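J.: Residue-level listing of the chains:
Protein chains: 4
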Amino acid sequence: MDEVREHDYVLLYLDERRKYLIKLERNKKLHTHKGYIVLDEIIGKKFGERIKSNIGEEFVICKPTIRDFILKFARKTQIIYPKDASYIAFIGGISNGSKVVEIGTGSGALTCSLASLVKPNGHVYSYEIREEFYEIAKKNIEMLNLFEYVTLKLKNALEGIDEKDVDCVIMDIPNPWDLISIAKEALKGSGILISFSPTINQVEKTLRSLIENKFIDIHVVELIEREFQVDPSRLRPKTTIIGHTGYITWARKSI
Amino acid sequence: MDEVREHDYVLLYLDERRKYLIKLERNKKLHTHKGYIVLDEIIGKKFGERIKSNIGEEFVICKPTIRDFILKFARKTQIIYPKDASYIAFIGGISNGSKVVEIGTGSGALTCSLASLVKPNGHVYSYEIREEFYEIAKKNIEMLNLFEYVTLKLKNALEGIDEKDVDCVIMDIPNPWDLISIAKEALKGSGILISFSPTINQVEKTLRSLIENKFIDIHVVELIEREFQVDPSRLRPKTTIIGHTGYITWARKSI
Amino acid sequence: MDEVREHDYVLLYLDERRKYLIKLERNKKLHTHKGYIVLDEIIGKKFGERIKSNIGEEFVICKPTIRDFILKFARKTQIIYPKDASYIAFIGGISNGSKVVEIGTGSGALTCSLASLVKPNGHVYSYEIREEFYEIAKKNIEMLNLFEYVTLKLKNALEGIDEKDVDCVIMDIPNPWDLISIAKEALKGSGILISFSPTINQVEKTLRSLIENKFIDIHVVELIEREFQVDPSRLRPKTTIIGHTGYITWARKSI
Amino acid sequence: MDEVREHDYVLLYLDERRKYLIKLERNKKLHTHKGYIVLDEIIGKKFGERIKSNIGEEFVICKPTIRDFILKFARKTQIIYPKDASYIAFIGGISNGSKVVEIGTGSGALTCSLASLVKPNGHVYSYEIREEFYEIAKKNIEMLNLFEYVTLKLKNALEGIDEKDVDCVIMDIPNPWDLISIAKEALKGSGILISFSPTINQVEKTLRSLIENKFIDIHVVELIEREFQVDPSRLRPKTTIIGHTGYITWARKSI
Chain A
340 MDEVREHDYV
350 LLYLDERRKY
360 LIKLERNKKL
370 HTHKGYIVLD
380 EIIGKKFGER
390 IKSNIGEEFV
400 ICKPTIRDFI
410 LKFARKTQII
420 YPKDASYIAF
430 IGGISNGSKV
440 VEIGTGSGAL
450 TCSLASLVKP
460 NGHVYSYEIR
470 EEFYEIAKKN
480 IEMLNLFEYV
490 TLKLKNALEG
500 IDEKDVDCVI
510 MDIPNPWDLI
520 SIAKEALKGS
530 GILISFSPTI
540 NQVEKTLRSL
550 IENKFIDIHV
560 VELIEREFQV
570 DPSRLRPKTT
580 IIGHTGYITW
590 ARKSI
Chain B
340 MDEVREHDYV
350 LLYLDERRKY
360 LIKLERNKKL
370 HTHKGYIVLD
380 EIIGKKFGER
390 IKSNIGEEFV
400 ICKPTIRDFI
410 LKFARKTQII
420 YPKDASYIAF
430 IGGISNGSKV
440 VEIGTGSGAL
450 TCSLASLVKP
460 NGHVYSYEIR
470 EEFYEIAKKN
480 IEMLNLFEYV
490 TLKLKNALEG
500 IDEKDVDCVI
510 MDIPNPWDLI
520 SIAKEALKGS
530 GILISFSPTI
540 NQVEKTLRSL
550 IENKFIDIHV
560 VELIEREFQV
570 DPSRLRPKTT
580 IIGHTGYITW
590 ARKSI
Chain C
340 MDEVREHDYV
350 LLYLDERRKY
360 LIKLERNKKL
370 HTHKGYIVLD
380 EIIGKKFGER
390 IKSNIGEEFV
400 ICKPTIRDFI
410 LKFARKTQII
420 YPKDASYIAF
430 IGGISNGSKV
440 VEIGTGSGAL
450 TCSLASLVKP
460 NGHVYSYEIR
470 EEFYEIAKKN
480 IEMLNLFEYV
490 TLKLKNALEG
500 IDEKDVDCVI
510 MDIPNPWDLI
520 SIAKEALKGS
530 GILISFSPTI
540 NQVEKTLRSL
550 IENKFIDIHV
560 VELIEREFQV
570 DPSRLRPKTT
580 IIGHTGYITW
590 ARKSI
Chain D
340 MDEVREHDYV
350 LLYLDERRKY
360 LIKLERNKKL
370 HTHKGYIVLD
380 EIIGKKFGER
390 IKSNIGEEFV
400 ICKPTIRDFI
410 LKFARKTQII
420 YPKDASYIAF
430 IGGISNGSKV
440 VEIGTGSGAL
450 TCSLASLVKP
460 NGHVYSYEIR
470 EEFYEIAKKN
480 IEMLNLFEYV
490 TLKLKNALEG
500 IDEKDVDCVI
510 MDIPNPWDLI
520 SIAKEALKGS
530 GILISFSPTI
540 NQVEKTLRSL
550 IENKFIDIHV
560 VELIEREFQV
570 DPSRLRPKTT
580 IIGHTGYITW
590 ARKSI
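Chains as they are written, first to last, in this note's numbering: chain A, 340 to 594; chain B, 340 to 594; chain C, 340 to 594; chain D, 340 to 594.
No lab work stands behind these hints, which were simulated from the structure alone.
Only a predicted model underlies this, so the values are computations on that prediction, with no experimental measurement involved.
Any given hint could turn out to be false.
[To be verified] Using C-beta positions, here's what the derived DEER-type ranges look like:
1) K368(A) - Q417(C): 24 to 30 Å
2) Q417(A) - H372(B): 41 to 47 Å
3) H372(B) - D501(D): 36 to 42 Å
4) E342(D) - E355(A): 53 to 59 Å
5) G436(B) - E345(A): 37 to 43 Å
We put the beta carbon where it would ideally sit given N, CA and C, even for glycine.
If we strip away everything but chain A, and leave its shape as in the complex, we get:
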């Protein structure tokens, strides 16, 4: 139902700048600049209801979405932003049943997005060579309870991708061009390869490798996201924005 239970994750919303994504445990308090909240009091309430801090400030109890979790990851490490993650999943045609290989797990933000889309019948195989990121990603995937759909590997994909007949390979690594022939072997015929890179020099090299490896339907795209100030009498885009995250390069394998 809509009732909040022990061990649930909830997002406590005070205002745009103050949202708290926490796990509900008994006998705990959440301390905020606007007083503390006794977590036991939340258990049994309904999502959408309000809870008061000890000094009377009202927080709305929200059910977190995958986006809320990912933005929480972003506070600690760099992530692929929602605008890019959702676009990547879409061009990859990723949905229930998809078999996906990710190279460069990072914090696991994209891994989690993908896992939430391939379930219940698909799977994400994710390669990471840096142990500290492997550990961070592990924690994050556990937080979202998605390990049923994810195999996390501390392994250099340059030494080979174990999977075959993959629907989509997604790369977020400094040198995607080195992996393209390996990714090609893992992919199904007409399968989709996607690479996310911050610099245009990386895009240039990736394109050359894609062309050499006879990929077709090649695209390079960047998405600019503008968020507005939410005041209906003073509507305007926010002054400061993230003006660049990275370029999305993608293509299809031809045999």
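Let chain A serve as the given structure and place chains B, C and D on it in line with the hints.
T.: Chains B, C and D in isolation, oriented as in the chain A frame:
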């Protein structure tokens, strides 16, 4: 398998401007500016392989993704573009099991995107008041074979939304502000309402109604998509682009 | 010549983040995080040469342009940014001989840009109602030595614009719509009215007033400026940018 | 005065898509899709007044600005757009008295913009190697009557720039990196070099050459211009826009 079978949809790729999304039927030909292709010859081939037209031009046989279908719909009617559709699905937290109401089916492009994400355990309920769009959407959803996950209604949502405890309501209509209190009733607590509108005047009115109806975590976003020319020696964004599709306004229900 | 003289303004360039726009006076020092510079040592050098601080850091002595002065003003008050100021001057057709009225002097950044373009035969008449901005603008115009081409007025333009047969009226005020009929009287036939506003609600009202007042050739434009990281091996737009400054609305007077 | 005289250029405005920039000559007619206009009838009228075609359609008589001329050039050849031309002039600090070298005259659009800013005491020296462009530019500069402030050269700047102590060198050529050491010689100390290039590969090479030649204060910028639909009840950016023109790279000479 990867083998192409009768009745499959395939995307035949010649170059960036010439892609053909067709259904494979026996005894048929596809006529193009580069000669015709005998469809029987494709059956039994593998995705990713090439097929020659009668004048020797090579086409790559690709498995279409949801994106390919949607871009095909776009040739006949206006659609919500992939960049917006994928973003909407992401902020709505839509995945296997989600219960979604769509108001304003239009050509069914977003309906299909959503259906491909909620399967196998979720469902999309889509309202349309214009009979001609209802019929177009019906055909499109059938083409993608997604009716198991979609209920299409020729009904004005202003007269009431039949569903309750909905995870996400998505509106693509000229007057979203008129529907917000009705959408609120259908939504679960902390459920997400999303509205897509081309003009900023619509955004203004929608915001006023969201605030009146005590929605929280309100956002207005626009996405600008820049595609590049795919020539590694002459990298540059394309000269002419779609500079605007619409604004995405979204918020959470508080009780 | 190119020789630096006493009382000249110079821009001392260390790196992208550390530039110092100062007036050269005898017996003074400029203190920086990289040591101090004895200003007397700069006098007599050539622009483009280097000067060392007491700890050996090299600064390049540059001749400041109008842009450098304006970016200096920006540290203290809000200004119309170079991208907008230059566009405004261009659509206004402003060059030597132009007669321009500015409503809303602010810090005088745009005033100075305009004055540098109308000289030697044109003139800028600038109206400001807030005394503190009048004083700031006065100082800034003096710094650039442009008072020969500017008349600064502490006066509400709502009470009337004193000038007639004006080539261009430029407004940077919260309520441009209230001034449009008054601006029209001041303008020559087919003269150009330009308004700069941060919110789209202001644009809406301004447009209604322009249409009512029979202006023609009406435009609304926004400019998004993306600066790149200057590393040829890692080319990419900067992560954080100014995503919005304001909308430029402009039109021509018809009689 | 504001009175229209024989031999004047006028802009006849019908609506956003139909504007006619013509020279007023006796005994001539302008033929439009909305009837013809007898040019003699315009002479003696005032700018801002209306003139009727033989079928009663009203056109407003406007004084063209430099922008109108340049957009007229754009119909025949590629030009540097107003948004870029005005920005370039601004960062170059170009105003009355500036001494400017342009390499790559093209159609002369930027040449005219610059000339209109350096007058009456400055000068623009413009180099072009393609004879057909030299001729087009010549005509365009004549149309604007700006030859007093422009020296047009049919000469390859690679063989040397004749001018010294130049305030600003502006390049719009395919290989700016080959000219940078030559441009440096022509520039004053701390003078400004600006290059406009459509591709990022050109920017990369230009940057390497600027760094090698010890230029400082190096920037790369792109400007995205979004024009809105001018309907106050349906405010929105236009659907299709020019998404890319080119990158502006600029820097200062250090000795």
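J.: For each hint given before, does the structure comply? Return the numbers of the non-compliant ones in rising order.
T.: 1, 3 and 5
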